[in-house]
Amino acid sequence: MHFNRVLRETGVVLAAGLLYGSAAFAQSSTMIGTVIDAQSRQPVPDVVVTATSPNLQGEQTVVTDAQGNYRIPQLPPGVYTLRFEKEQFKPYARSDVQLRLNRTIRVNVELLPESLGEVVEIVGAPPTIDVGSTTTGVNVDQEFIKRIAVARPGGKGGAARSFESLAELAPGAQNDQYGVSINGATSPENGYVVDGLSTNDPAYGVNASPMSIEFVQDVNIITGGYLPEFGRSTGGVINAVTRSGSNEFHGSVFANLTPGTFEGNRKLIQEEGTVISGLNELKNLGDFGATLGGPILKDKLWFFAGFAPSFTRYQHTRTLNAIRLNSDGSTAINDEGFTVVDPIAGSDRQYFADTRTVQYMGKLTYLINQDHNVSVALNGTPTTTGGMGKLSINPQSGGLPGALAARPGDYAFTETNANATSLALKYAGAFMDKKVLVDANLGWFHQTASTLPADGSKLGSTQGLAGYSRMTYVNPRRLTQFENLPAGQEGACDPLVLNEGTPEEEVIERCPITGYSVGGPGFMSDAKLDRYQINAKATYLLNALGTHVLKAGVDTEFLSYDQTKAYGGGVFFQESAPYAGATLNGAPYAGAALADYRRYGYQASPDSPITQLTQQSKTTSTTIGGFLQDSWSIANRLTLNLGVRYDVQAMYGGDGELALILGNQWSPRIGAIVDPFANGRTKFFVNFARYYEQVPLNMLDRAFPGERRYNARRVMAEPGTGEAGCDPSDRTSQETECRDPANVIAQPESSRNPNRLYTGGKVENEPIDPDISPQSSNELVVGGEYELIANTRVGASYTYRNMNMVIEDMSRDDGNSYFLGNPGSGFAKEFPKPERNYNNVTVYLNRTFSDGWLAQANYTWSKLEGNYPGLFRPETAQLDPNILSDFDLVSLLANRTGPLPFDRTHQIKVFGAKEFNFTNELSASLGLSYRGNSGTPINYFGSHALYGPDESFVLPRGAGGRTPWLNVIDSNIGVNYRVSKDSVVSVTLDVFNLFNFQGVNTVDQTYTLRNVAPIANGKPSDLPGNVTWQEGEERDEPFGTVDGDTNPNFKNPTSYQPPRQMRLGVRYTF
Amino acid sequence: MTKNILNAAMVLVGAAGLLTGCNFDQPEAPCFVQDSTSWAAIYDSFDTPTDGTGACEVRAPPAELLGVYKFVDPDDLSKAEITIRPNGLASRASRDPGPTTDQTATGAFDTEPDDKGFCTGRNFTEAKVVAAAAGTNPATNITYQFSDVQVYAAPSLPGTQLTGQLKYTRDGCTSNYTIRALWPAIPCFPTGDATGPAELCGEGSTLNPDFAAECGPVLGTSGGRQFSYCIPAKAIPSLK
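Listed in order, the protein sequences are those of chains A and B.
If you read the first sequence in numbering that gives the first Met the number 0, its first letter stands for residue 0, the second for the next number, and so on.
If you read the second sequence in numbering that gives the first Met the number 0, its first letter stands for residue 0, the second for the next number, and so on.
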């Protein structure tokens, strides 16, 4: 399905999110191991093993079993000390054991009998290989965040330094328009989890909570190979755990600033000159705040609280230009082939585009006893952008305002608010000597998203901005019809008149404008989204032919999306043309006309419209699922992970009726891990998994039922002439002539439509294929890892992913009506089967920070091809999960298979940091990162009559080659001064894009704006001669012979890398 | 401990059984109608025209385009209307000084399909045109009386085929027909001018591939070729 892009540009703010069901996300880790007698090499039973850590309330004690094995589960991530004690043995302690989030590590120990005389030094460092799982990905902790430049300023959530930006560090991950793409999937397909609670937007799937990395203890970016505890996502999982407090008071106060004046020079994009242009510049961006954690009761009740406001300010300069004409009337063209324009002096207007966010977090952790603990956490991220006289930054993508082609005073008057609050209760308990473990989570995620008039007028009101309609003039007009020029420049837009007074007189405009808007706010909305989640998981340890860790879980999720929408003044007008053969009050009419382009309302019988000033709908979804898994370890060498997950999703439309039910989501996960030396230092693994998508609510909101809209065409009065008819550029006329039925144009009686004056107004649910299957994808991962030296691992992995069924909407009549199904099967078998095949080979080296340095390097070779991009359409940034326009137009289905937009053959990421200690008090750290990416494919796009530009693949995907390599080097310098035993003052400088590389990021892929058909299996040599027209769009002159047929800007850069930016930070930690 | 394992396993198996035993059929489709000005209808004649006293000559056109629309009242979902505006009346409507609604037939429409998957429109108003003479066309008086219009509403092809009865009267001469219609109306070229199966209601024509459709009787000439529209090949539902 396709909804006109005007809606997007008028600032639709709907946090989109793939409903991500979090089934009791593992928020803890486990330590296992074997204790043997160093002399006799026999296992030692009944050894008391004690684990302690500043992050752990109290201590955890277990005892080794008859085989000398011990297991300590449900541990929060942190740095641990393990103590091993038994009578007749020398006590042994191992410290600095780094336990990451959601990991199982093995620490084997040899105890020396007391009777042994000599002292034998056992030197060994604790291992870091996670022997319990087949997951691929990276873990990011505070040490990494402090020493490497992360959270690039700008972009989505840039000033807030959101945890989501860390996902880009994983091998095979890259930024996309709405977040991070992992393993070839799109960002709405990922699962975002904070403290066990999903933070996906229930309507669109993207991350709705830009939680600051200041509040985060550990972030796991899981790219694949995960067990059935994690489900309902077909991308990766970004799993974060917030900080928890400890037995001592610790906290920090910090501030960061990225000033716009220190930006490197931006390379200017050469583009076609236009009469109205806009330029964005960063003024500044920054955040500040404080965190504090500590004990309320030592080892019993801890608290953690944080507060971090952040702000972004860009300046937008709007300039009016006049086209430079040669004396013969032709347009002056520069060396690059673009139209030359001259700025009109004094016409600059400046506006700020601001975003303000306040983040807060509070958490209490209570240890009931050694076996049971609970925690309660609350966090929120209210964000505001826009306001009276201010422009908005898109909260979903971080996109900045484009050129303001509207009358001054008729823009910069809406405020967009987005807020995600979550409240989570967690319980973890152990029974029967830690043989049975129970984890339960209960959570409420509440999100509001609105775009409302900044004067406070309510949706549906006839007063104020909410009662003021918007109008877009489509045909070319002279700029001065709407705007005054600055003093002294009044003649700048005067046209050039050739052959004046003769029959060949020609008037050539210097300031033509098209697509110019006047009036009030267009689309406005107010939405409330909720997620209630309850899940529980039980783990049972069984010794039978090895060790079994049996897990079973239940997971339920209730979602709702309640949205009220309205257009300013109840209608959005657009210049149009009368119907063919139209009449007005009985007489033929062929004059100027405008259409009620968007108006909410319905008709219960022909020509009897009922207007609705607002339209409200509430859609809900319930997902219930469960899983069973067994992690079976044999002889400490082989672990088999066998599991299955089951989900069913029921979706209810705006009328409260069941719209769609997706059952039988059987999701097997089978994997094996081999530790050939049984010492936790090596592993080989293989894993097969099937993942299912949880369908976001936006699809229901838009199609079940669809929006009730009706249409009319009216006589248009040219603005400023005072002639009869509707003139929306004048508010009084909006309220009088534009509502007068005598100005409504009628369709000719020869039309077979029963309506003469008002069309549309009826809506039914979209038909669904009764055999529809849920959307899912398969994955196979194979790899190995080896611990080279202490804390340093090397590894390699191969990942393969493909799609099974895909849910999409399709049309058999080129966009007049749609149905929902699985393309390529069932009802829709003649449509092409959606494919997305991903192959990835990664080699990596990973050293966590210890002994003063850290290093991480990875290289990924990958291939992403098919005809289905995912849950948003990268070519046009259309974010409508499962109802994209890709399968809508039968006439444009050809040429869609090939390398997909996020296909990058090579990706290299290298990170390194070293700490220098000068004196006891003074130390410094230096971090460097390098990222190199090969380019993405270039397509040849054409337009479609109804859907607009970039919808037709004139040549097969990728026929235009690739964009060039991009390199970026970032650096981080920090100086730390220890003021007292526990407090440190640090000053940091992050320089992003140190050498100001201005590589080409995106290029213009619009080959033509004409409505041309795809050339099946065509090649560039087929252009322009073999280009044909879409049916109904035929033109006498062959393609390529008329000026403007091909886009002169094709393959030219449309954006460069962000320039060098510096972030200064100051922090006091105690 | 064994007892505990057995208990746990039983609970889980029971829960799984409960879930898999659930029926996951999609909800029943309502009485859906594809609103369009271009339904292609064929009229099957089953009696000889009569003018009340004896036989007469005038018949309905063999096939034509219909505008079929459904209206619902969101405040009272039990009320639905179906309207039909045939080309034979609409093309002459400008010659009739009366209201434009005269040329549209309106009937009450079911809200749920019956056992066979049909939704029926009943009690249609009479649609007529009283056309004055214009140019070479003489004055004429045409009436369409639709009855028992059944739209096929199965989810596999919702609201895209219909059948019904038509009593056609022109200048006093009445005849009765069975209507078979489908949507969308795709032009085709029946007299040997077609350039491939796409122009003969076959592959590539964008008709639902499950439809059994054929090219109807010649209705006119376009671009030098005699054309018609794809119409259902069998009784409704007309499927392969």
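Hints are supplied without guarantee of correctness; some may be wrong.
[Stated by the list, open to error] The calculated lysine-lysine pairs, modelled on BS3-like cross-linking and capped at a C-alpha distance of 25 Å, are:
| hint | chain 1 | residue 1 | chain 2 | residue 2 |
| --- | --- | --- | --- | --- |
| 1 | A | K828 | B | K233 |
| 2 | B | K239 | B | K166 |
| 3 | A | K617 | B | K78 |
| 4 | A | K457 | A | K299 |
| 5 | A | K980 | A | K913 |
| 6 | A | K832 | A | K266 |
| 7 | B | K239 | A | K832 |
| 8 | A | K862 | A | K832 |
| 9 | B | K239 | A | K828 |
| 10 | A | K617 | A | K832 |
| 11 | A | K457 | A | K617 |
| 12 | A | K297 | A | K980 |
Honestly, the hints are just simulated from the structure, not real lab data.
Hint check:
For the given pair, K828 (chain A) sits about 22 Å from K233 (chain B) by alpha-carbon distance, which is consistent with the 25 Å threshold. A hinted pair counts as satisfied when its Cα atoms are at most 25 Å apart, and K239 (chain B) with K166 (chain B) does not qualify at roughly 30 Å. Between the alpha carbons of K617 (chain A) and K78 (chain B) the distance comes to roughly 23 Å, so the proposed pair stays at or under 25 Å and holds. Taking the CA atoms of K457 (chain A) and K299 (chain A), the gap is about 49 Å. The hint is violated against a cut of 25 Å.
Between K980 (chain A) and K913 (chain A), the direct Cα distance comes to roughly 22 Å. Compliance with the 25 Å bound is thereby established for this hinted pair. With a CA separation close to 42 Å, the supplied pair K832 (chain A) and K266 (chain A) exceeds the 25 Å bound. A hinted pair counts as satisfied when its Cα atoms are at most 25 Å apart, and K239 (chain B) with K832 (chain A) qualifies at roughly 22 Å. A threshold of 25 Å between alpha carbons decides the hint, and for K862 (chain A) with K832 (chain A) the separation of about 19 Å falls inside it, so the pair holds.
Of the pairs offered as hints, the one joining K239 (chain B) and K828 (chain A) holds, with about 14 Å between alpha carbons and a cut-off of 25 Å not exceeded. Pair hint K617 (chain A) plus K832 (chain A) does not hold up; C-alpha atoms about 32 Å apart against a cutoff of 25 Å. The straight-line distance between the Cα atoms of K457 (chain A) and K617 (chain A) is roughly 19 Å, inside the 25 Å bound, and the hint therefore holds. Taking the CA atoms of K297 (chain A) and K980 (chain A), the gap is about 21 Å. The hint holds against a cut of 25 Å.
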